[in-house]
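From just these sequences and the hints, can you work out the full model?
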Amino acid sequence: MRRHERGLHLTGGRTVPADFILNINKPIGWSSFDVVRMVKKRLAPAKVGHAGTLDPFAEGVLLICTGKATKLIASLMSHEKAYRGRMRLGIETDTLDIAGKITSRKPVLLPQAGDIEKIMRSFIGHIEQVPPRYSALHHEGKRFYEMARSGQDTEPQLRQVFVQDLQLQAVREDSIDFTVVCSKGTYIRSLARDVAYGLGTVAFLSHLQRTRIGEFTINEAVTVVELKHMLDD
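For the sequence shown, my numbering gives the first residue as 1, with consecutive numbering after it.
It is possible that some hints are incorrect.
[Stated by the list, open to error] When the alpha-carbon atoms are kept at most 30 Å apart in a straight line, the in silico DSBU-like pairs for lysine-lysine are as follows:
| # | residue 1 | residue 2 |
| --- | --- | --- |
| 1 | K118 | K184 |
| 2 | K184 | K228 |
| 3 | K184 | K41 |
| 4 | K184 | K68 |
| 5 | K184 | K101 |
| 6 | K68 | K40 |
| 7 | K228 | K40 |
| 8 | K41 | K68 |
| 9 | K41 | K71 |
| 10 | K71 | K184 |
| 11 | K47 | K68 |
| 12 | K106 | K118 |
| 13 | K47 | K71 |
| 14 | K47 | K228 |
| 15 | K228 | K68 |
Note that these hints are calculated values from the structure, not bench results.
Here it is in structure tokens:
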């Protein structure tokens, strides 16, 4: 937690810092806004925001900023990010993650680990990717996930991102575990899709954990339960 000197008085005479950055280990099933809402409820009327959305199916580092620290959100979002992920091979979903509906199936003929690593290395550096149709990106005043849910067939435009590192961690019968370090704006769901295409199959992201944003790491993150105790005591 990064704190400033100014305090905010809550009901019951308690005082907590009004301007701070919290490193939260967001649990699976919570949206980023769920965490913001929980903090805002306890720190009203302080401003509360988050530095980078993490999908409900994912877990890990989520930075929550309050008060004057909300001015740092844009800067924090520009930091590089690190993830651990698992791609489930042979099945693709409309959201490219475990929460979506199956849209295609394809046989899985996994090559040797060395060949998988070679394909992964081709995605290191400045690459172009198409973001998922179910994303929070805007197009003509609407978010892509809103258009996808309403049946519109609009595709996000190709964009350039930077992947600093992509490493194979484990190979299973129908899945691949990996780690990745990347720039702001990189969609790990799209990366998993494109790696699978390189392997001659399809995939969706079955698990994702963000382990770092800049210098904020998962090892230093507090859980939602711990955060509630901190704010309620």
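To test your reading of the hints: which numbers does this structure violate? Structure breaks no hint.
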